[in-house]
Amino acid sequence: MRYMVMGAALLLAWGPALSAADDKPDKKDLTPAEEYKALIAAYQKQQEECYALLREAKTDEERQRIFTEKMPKPDKVAVRLLELAEENSKDVGVVPDALIWVVTNGGHGADAAKKKDKALDLLLNHAGNDKVVSVCQTLSYTPSLKNEQFIRAVVEKCNTNEGKGKATYSLGLYIKRTAEAATTIKEQPDLAKQYEDAYGKDIIKKLQDSDPAALTKEAEKLFELVAGEYPAVKMYGEETLGDLAKGELFEMRNLAIGKTAPEIEADDLDGNKFKLSEYRGKVVVIDFWGNW
Amino acid sequence: MYPHERSLVKRLESKPFALLGVNSDTDKDALKEVMKKEEITWRSWWNGPEGTRGPLAKKWNVHGWPTIYVLDHKGVIRYKNVRGEKMDEAVNKLLKEQEEAEKEKKDGK
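Residue numbers (our numbering), protein chains in the order written: chain C, 271 to 562; chain E, -3 to 105.
Certain hints may be false.
Said to hold, decoys possible - Below 27 Å or equal to it, Euclidean Cα-Cα: the simulated DSS-like pairs (lysine-lysine) are: (1) C/K360 / C/K388; (2) E/K89 / E/K6; (3) E/K54 / C/K545; (4) C/K340 / C/K315; (5) E/K6 / C/K463; (6) E/K82 / C/K456.
Please keep in mind that the hints were generated in silico from the structure rather than gathered at the bench.
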């Protein structure tokens, strides 16, 4: 799901922490880059072993047990990577990678969120590094003051056309989702507590005080900028920022609540053409689905 | 999704209501097997051989599945991504609006 929901992942069990850091070689002998590589390799190896066991498992109970007992927990790795980043703050080789790992793999829950915010603070020193651009996209899914601050810093400091375009697009997505979340909270105030638990009080207060219409306008401006200035930059493989930004603009302008739905005219699964407008006069649920 | 949608379609059989799909599967034969098994009777447009990257999902800027739109009897988008009970509530409310509009039209005559 691409909009802001409290991830089902929050419900995952926090079992006893088996850390990849426990069986690493003596870290004194390693350079920061070597230690980073060793930590990640051990973590991934444990993860792969767990996936192999999961594939063999026969029942849901067995899968749940394997998941709880064998899936490596990212928290200890994250703690060490943060130390590594602080001890070697000048190292531009490994530090951004280590911090990006903490931001994108740091796990869920309040403690993980604290580590993520700390990593973002340290990563701000590298906001001009093209490596951090991909983080912006990940951050755009979750309402957070730190996330917004970080994406804005990358938009400002990034030096390459490609990086600036992608970061601006991510900022547009962040603001658009913020506008949607702000609307939801205003319409359903009883959800505010739930949102606070998931995202923290500060950001929810900001959303409650915000004007969703103004946020929507800001997001539109950002997508217009992306479509105008960075149309040829590729994202997600073959898509271009131009098409992606135009898609967002079309949705905001024509597919918003209160707009008349655009016509759909296409073949059904048997190859017979039919139109959405044939159903005028009826209440219609349109479900974009697939059997996967 | 399927069981909820099946019961929704069944419950509103006699009402001015339609569930319409935009399907993004690429293997239509395999899909038809599933539809038979799952008793999926409602009509779907096909998003074409490009699957999720097909023209309908692209135009409607769909990047996540399922994506749901609920339209009132005038064709206006009223809700997005409501599921389960929330979808039922939304549809019931819009059916009531439709009934009232019908009644007004009759009384006006």
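Hints violated by the structure (numbers, ascending): 5
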